[in-house]
Amino acid sequence: MQKSRYLETAIQAARAAEAVIRKYYQVEFEVELKADQSPVTVADVETEKTIRQIILDAFPDHGFFGEETGKVNEDAEYNWLIDPIDGTKSFVRRYPFFSTQIALMKGDELIMGVSNAPVFGEMAYAEKGFGAYLNDEPIRVSDITEIGKATLSLGNIATVAGSKQWGKVGELVQGVNRVRGYGDFYHYHLLASGKIDIVLESDVNILDIAALSVVVEEAGGKFTDLEGKGLHLGTTSVLACNSAEMHRAVFEAIQG
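Using this note's numbering, the first residue of the sequence shown is number 73, and each one after it goes up by one.
Rather than coming from a laboratory, the hints here were simulated on the basis of the structure.
Honestly, I wouldn't trust all of these hints.
Below 30 Å or equal to it, Euclidean Cα-Cα: the simulated DSBU-like pairs (lysine-lysine) are [stated by the list, open to error]:
#1 Lys240 x Lys267
#2 Lys161 x Lys143
#3 Lys178 x Lys121
#4 Lys95 x Lys236
#5 Lys143 x Lys200
#6 Lys236 x Lys200
#7 Lys240 x Lys75
#8 Lys236 x Lys178
#9 Lys161 x Lys121
#10 Lys161 x Lys236
#11 Lys200 x Lys267
#12 Lys267 x Lys221
#13 Lys240 x Lys95
#14 Lys143 x Lys240
#15 Lys221 x Lys240
#16 Lys75 x Lys95
#17 Lys240 x Lys301
#18 Lys221 x Lys143
Distance ranges between label pairs, derived from CB positions [to be verified]:
#19 Ala316 x Gln98: 35 to 45 Å
#20 Lys161 x Thr217: 13 to 23 Å
#21 Glu218 x Lys121: 29 to 39 Å
#22 Gln84 x Gly193: 15 to 25 Å
Ideal Cβ placement from N, Cα and C applies to all residues, glycine included.
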């Protein structure tokens, strides 16, 4: 595909972030806890500063919303949404299920996303209208249409487990062909690549999933919150499927 300047810059930022991440991965560093008790490290902060400099040098009039350094120019038409190390708990415990998430929003619409998992060895990216790619190869969701033949991946389901939906989710678990809990970036890469078919997740924020939503939808999937609504800055849950048809069936199943 012919990459736009936005996507080229995002990939450049992701590769620069990768260099920072590799410097800190599996070495000793201090871990602090934020107000919500989630961990943050010097690697998170340094990685985000690296991304921020590259993006704002290229697009000084754009907004920037980072997990660690906050917002700049938030009233701009274009806003970059960044999680420098999505999966800090994995990073701290030294296993490779973490990634850098870089998304671009124009107005209220997500138009570009890069998801780079450096130690895992996967970079997914997509621009609205131009398809989705994994390690520079085009990817596409599966063509499975029946819940009974589908593979479901669950992630961060504490909120769902405490809700009235839990019983219906339990029925869904019993009704699919296979259940896994890949989590973080990985189950979205698998969904967009046609290797699994449904992702259900709660307790997320928009910075975790913005880029991944563009990748999944450009691969042919459908990506909403658990109420079936489109993503926005306050989104905290996900129902992502390989097609609108599968999404409709799963949504109806978990709503009762």
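Consistency of the hints with the structure:
1. Lys240 x Lys267: holds (24 Å)
2. Lys161 x Lys143: holds (23 Å)
3. Lys178 x Lys121: Satisfied, since the Cα-Cα distance of roughly 22 Å is no more than 30 Å.
4. Lys95 x Lys236: violated (44 Å)
5. Lys143 x Lys200: Cα-Cα ~24 Å, so holds.
6. Lys236 x Lys200: violated (35 Å)
7. Lys240 x Lys75: violated (42 Å)
8. Lys236 x Lys178: Violated - the C-alpha atoms of Lys178 and Lys236 are around 35 Å apart, more than 30 Å.
9. Lys161 x Lys121: holds (20 Å)
10. Lys161 x Lys236: holds (29 Å)
11. Lys200 x Lys267: OK: Lys200 and Lys267 at ~22 Å, within 30 Å.
12. Lys267 x Lys221: holds (12 Å)
13. Lys240 x Lys95: Answer violated: Lys240 to Lys95 is near 44 Å, above 30 Å.
14. Lys143 x Lys240: violated (38 Å)
15. Lys221 x Lys240: holds (18 Å)
16. Lys75 x Lys95: With a Cα-Cα distance of about 28 Å, the restraint between Lys75 and Lys95 holds, given a limit of 30 Å.
17. Lys240 x Lys301: It holds: about 19 Å lies between the C-alpha atoms, which stays within 30 Å.
18. Lys221 x Lys143: Violated - the C-alpha atoms of Lys143 and Lys221 are around 43 Å apart, more than 30 Å.
19. Ala316 x Gln98: 35 to 45 Å: holds (42 Å)
20. Lys161 x Thr217: 13 to 23 Å: violated (35 Å)
21. Glu218 x Lys121: 29 to 39 Å: Because 47 Å falls outside the window, the suggested range is violated.
22. Gln84 x Gly193: 15 to 25 Å: holds (19 Å)
Hints 4, 6, 7, 8, 13, 14, 18, 20, 21 from the list above are not met by this structure, while the remaining hints are.
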